[in-house]
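Peer 1: The hints should help you fit chain B onto chain A, whose structure is shown.
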Amino acid sequence: MAIESEVLVIGGGLGGLTSALAAAREGADVRLVSYKQSTLRQASGLVDVLGYTPDGDGPLTNPYEAIPSLPESHPYRKVGVQTVRDALSLFDDAVPTYEGEHTETNALLPTHGGSIKPTARYPAGASAGLASDTRDTLLVGIEEMVDFDAPHVAAHLDATGVPFDVRGETIRFPGDLRADAKVTRYAKLLDTNSEVAVRGRMVPAREALAQRVNPLLEDEDRVGFPAILGDDNPGAIRDALGDRLGVDVFEVPMGPPSLPGLRLEDALFAALDEAGASIETGNPVVDFEGEDRIEKVFIEKNGAKIPNSADQYVLATGGFVGKGVESDREGVYEPIFDCHVPHAEDRYDWFEGQLFGDHEFARYGVATDDDLRPLDASEHSEFENLRAAGSVLGGYDFAAEKSGSGVSIATGYAAGQRAAQEAR
Amino acid sequence: MSDAETPPETEFDPVAPNTGEEFEPVDVFPDSDDFDLRPGADSCYKCSTCDTNCPVAEVDDDFPGPKFQGPEQWRLKQSDDDYTVDDSVMDCSNCMRCDNACPSGVPLSQMHNTARGEYVSEQMDKLSVEYIRNRILANYRTSAFFASKVPRLANFAMNFGPARWVMEKTLGVTSERDFPEFARQTFREWWADRGGQAASRENAREARERRGLPEDADKKVAYFHGCYSNYNTPEVGKAMVRVYEEFGYEVVAPEQKCSGTPMFANGMLDDARRHAETNVSSMSELVDEGYHAIASCTSCSMALRQEYPELFDIDGIDKVAENTFEAVEYLRIHEDLKGEVQAADVDGELAEEFAYHAPCHSRNQGLDRQAVELFRDLDGAEVEDVGDSCSGISGTYGWKEEKYEKSMEIGEEMFEHMEHAEGDTGMTECPTCAMQMEHGSGYEIRHPLELLEAALVE
Numbered sequence: 001m002a003i004e005s006e007v008l009v010i011g012g013g014l015g016g017l018t019s020a021l022a023a024a025r026e027g028a029d030v031r032l033v034s035y036k037q038s039t040l041r042q043a044s045g046l047v048d049v050l051g052y053t054p055d056g057d058g059p060l061t062n063p064y065e066a067i068p069s070l071p072e073s074h075p076y077r078k079v080g081v082q083t084v085r086d087a088l089s090l091f092d093d094a095v096p097t098y099e100g101e102h103t104e105t106n107a108l109l110p111t112h113g114g115s116i117k118p119t120a121r122y123p124a125g126a127s128a129g130l131a132s133d134t135r136d137t138l139l140v141g142i143e144e145m146v147d148f149d150a151p152h153v154a155a156h157l158d159a160t161g162v163p164f165d166v167r168g169e170t171i172r173f174p175g176d177l178r179a180d181a182k183v184t185r186y187a188k189l190l191d192t193n194s195e196v197a198v199r200g201r202m203v204p205a206r207e208a209l210a211q212r213v214n215p216l217l218e219d220e221d222r223v224g225f226p227a228i229l230g231d232d233n234p235g236a237i238r239d240a241l242g243d244r245l246g247v248d249v250f251e252v253p254m255g256p257p258s259l260p261g262l263r264l265e266d267a268l269f270a271a272l273d274e275a276g277a278s279i280e281t282g283n284p285v286v287d288f289e290g291e292d293r294i295e296k297v298f299i300e301k302n303g304a305k306i307p308n309s310a311d312q313y314v315l316a317t318g319g320f321v322g323k324g325v326e327s328d329r330e331g332v333y334e335p336i337f338d339c340h341v342p343h344a345e346d347r348y349d350w351f352e353g354q355l356f357g358d359h360e361f362a363r364y365g366v367a368t369d370d371d372l373r374p375l376d377a378s379e380h381s382e383f384e385n386l387r388a389a390g391s392v393l394g395g396y397d398f399a400a401e402k403s404g405s406g407v408s409i410a411t412g413y414a415a416g417q418r419a420a421q422e423a424r
Numbered sequence: 001m002s003d004a005e006t007p008p009e010t011e012f013d014p015v016a017p018n019t020g021e022e023f024e025p026v027d028v029f030p031d032s033d034d035f036d037l038r039p040g041a042d043s044c045y046k047c048s049t050c051d052t053n054c055p056v057a058e059v060d061d062d063f064p065g066p067k068f069q070g071p072e073q074w075r076l077k078q079s080d081d082d083y084t085v086d087d088s089v090m091d092c093s094n095c096m097r098c099d100n101a102c103p104s105g106v107p108l109s110q111m112h113n114t115a116r117g118e119y120v121s122e123q124m125d126k127l128s129v130e131y132i133r134n135r136i137l138a139n140y141r142t143s144a145f146f147a148s149k150v151p152r153l154a155n156f157a158m159n160f161g162p163a164r165w166v167m168e169k170t171l172g173v174t175s176e177r178d179f180p181e182f183a184r185q186t187f188r189e190w191w192a193d194r195g196g197q198a199a200s201r202e203n204a205r206e207a208r209e210r211r212g213l214p215e216d217a218d219k220k221v222a223y224f225h226g227c228y229s230n231y232n233t234p235e236v237g238k239a240m241v242r243v244y245e246e247f248g249y250e251v252v253a254p255e256q257k258c259s260g261t262p263m264f265a266n267g268m269l270d271d272a273r274r275h276a277e278t279n280v281s282s283m284s285e286l287v288d289e290g291y292h293a294i295a296s297c298t299s300c301s302m303a304l305r306q307e308y309p310e311l312f313d314i315d316g317i318d319k320v321a322e323n324t325f326e327a328v329e330y331l332r333i334h335e336d337l338k339g340e341v342q343a344a345d346v347d348g349e350l351a352e353e354f355a356y357h358a359p360c361h362s363r364n365q366g367l368d369r370q371a372v373e374l375f376r377d378l379d380g381a382e383v384e385d386v387g388d389s390c391s392g393i394s395g396t397y398g399w400k401e402e403k404y405e406k407s408m409e410i411g412e413e414m415f416e417h418m419e420h421a422e423g424d425t426g427m428t429e430c431p432t433c434a435m436q437m438e439h440g441s442g443y444e445i446r447h448p449l450e451l452l453e454a455a456l457v458e
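Here the protein sequences line up with chains A and B, keeping their order.
With the first letter of the first sequence counted as 1, position 6 gets the number 6 in the UniProt record's numbering; the numbers rise by one all the way through.
With the first letter of the second sequence counted as 1, position 356 gets the number 356 in the UniProt record's numbering; the numbers rise by one all the way through.
No lab work stands behind these hints, which were simulated from the structure alone.
Note that CB positions come from ideal geometry on N, CA and C, so glycine has one too.
In silico DSS-like cross-links for lysine-lysine, where the CA-CA straight-line distance does not exceed 25 Å:
| # | chain 1 | residue 1 | chain 2 | residue 2 |
| --- | --- | --- | --- | --- |
| 1 | A | K323 | A | K36 |
| 2 | B | K46 | A | K323 |
| 3 | B | K338 | A | K305 |
Calculated Cβ distances over 10 Å to all of chain A for the following chain B residues:
| # | residue |
| --- | --- |
| 4 | D81 |
| 5 | Q123 |
| 6 | D125 |
| 7 | F146 |
| 8 | Q185 |
| 9 | W190 |
| 10 | A192 |
| 11 | R208 |
| 12 | E209 |
| 13 | K220 |
| 14 | E402 |
| 15 | H439 |
| 16 | L456 |
| 17 | E458 |
Pulled out of the complex, with its shape left as it was, chain A reads as follows (with noise of 0.2 Å):
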């Protein structure tokens, strides 16, 4: 026996959970397993779709219309662009809190390193931030943490010719938390809005963050924190702290680890739940069996090897950091499956000299055929069961384009969706 379903799909980021979400949707059984939590929580939380062409231009208005003049090898070709629409559309259902569907065009964020992102789809948190609003801004970092230094966010934002005043104020969290507090600390403290201890006295946390930002506002119309607001109730606390400051209140992304991303990484799941799939996270899926069909796959949990078998199954392990492709001085492998990975032989053409170079391991990982079936050395499809969705799909350059998560939400929307239409 082994633990069965329809559809299994392998990997809990963005791209395996919008492939288990659509083919929960489409009416299949499925089961979703991931080695570790998601990666999301190392997210950002902003949903890009293309920023960038592969040339470097951009940053682009309309990333649609890009999708046709891009390498026959990338990712969004595969699918055509009325699948990156559609999938666009399941994650605005399954994830309501989240802005930007009333626009094709890219929306433009300001980050935490002060720069300004081209977006497809951001968290309500982060939407008086738009750097495209006119209205002038003060920014608030936190003494503690030393990865938003509000001052020179706020320097390098005027930098860039926003059409705003920007500011940047740093103060102390009310309650003397220790010097390397957790974003988990702060989001806690603010959900349950506990009291804490300010010149002697209780005072709720929410009161005692804007009693402290109060004064430091000049006649700023909003006022951005770093991501930490909440982690149950942001809006609640963004809605507290606004009525207190007379402002609206916005969120900018932090790098990991990101309250936005965990707040996506739950509703994601959440709606997943809602679906009816399956989800187990926590044991690596580490081998298979089967030839041209795979018939069961087994998933490791301190030595004991437990099988799941499934009609069809998606592969989203995610690209060189999520683990999903491999390298060694050797080459570059895909370690469940060993699906071809097309790259140079010579490791020394794998990269550029320089570091921010267009470096070919940035694009390496499987290729597929336009059904999302990784493809052999001799571009035959490696198992006709399998589909691949997400980063450990090669042919594009997300970190230069801006487009993981797009990518991510589309591939995997037309895998899953797939996978159950042949299931049933």
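Peer 2: Okay, now just chain B, sitting in the frame of chain A:
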């Protein structure tokens, strides 16, 4: 110079990478019997994902979090001879959530367990109240063993107000909690009265006949019941036996001691090893005979599967780890459990809406969704997940007077979700999570095996 050995002579040419077999890596820390967790520490790239999973760091301003307790502390220890283990390691509750979080495979809980063991053996005053209190709490089995001889007296005495006040003042055991009740008849007493292995063999044989399975089908499991289902909730153990027999499995209940979980959490590694030796020896013999080890408590299965091989070198330990399963998980793998549950229904006492909490130690085995997904299609009962927060009690952690408040603060989110859930009965696999759920909500708490028994066994 470091104490590294001189590298062997090689024809190393830095221009061309040397991948030849002549190259021998240098052993930086030769011939040491101590744990060398440096390779694990080196894998940590400080993404801090573990910190976002730590329920203690979320509420405790003094606790530096799992990244510091694990890889950072190990680096400090390796580079500075005078560095001693930081006492904050005693504030880690050993929920092990950080393990499941790390994208880089750093053995965090192993680092925490070894650091805590070292701290307790080398830095803690053995005459201190804290040490004595921790040792008593960690050795719950010993107290439970004596208490179970006189369950009525023990139930009265352990919750006798003035005595509890004295325990709090002298030992630091919180008087806020009710001690769990001891059963009038332990699981093992019931098991022996019922006829032990011989009776189970007969029941299994009858069930196989009923199901049309071959008479000699190789279906046998060794039940690791743990202390709690033996002394406090024998109904869980009975449910396990009846469900397994229903599927045609012969059950044995081998000699066993505490799994060691409370001892790991209190840095009492010598105590834990003694118990582990007994458990591994009896389980490994059975594994050789074709048995699988089955536990109904997720902390027990966690200990046998992961903590034992990480911490101890005992004959047969890896074999036991590979062959240990959680009770419901094993049936999911080997039987059409989903199909049987879908075809079944429940009435009577367990036709309930349950507010289910997944214990941290089930989460780490990938079992946190199991009960909710399994019972989705069961007629007559509903199981609703109350979210992914930690219950906050973490075994002995919430029993400590100085930790009680934090424990309740961590559990607050779960209490709230329980209140909003449809049902007024709780469900979980973990005995101490059950205590916390009951303490914070007043609900009665059941084990998934009990619901499975109600659904599948006549």
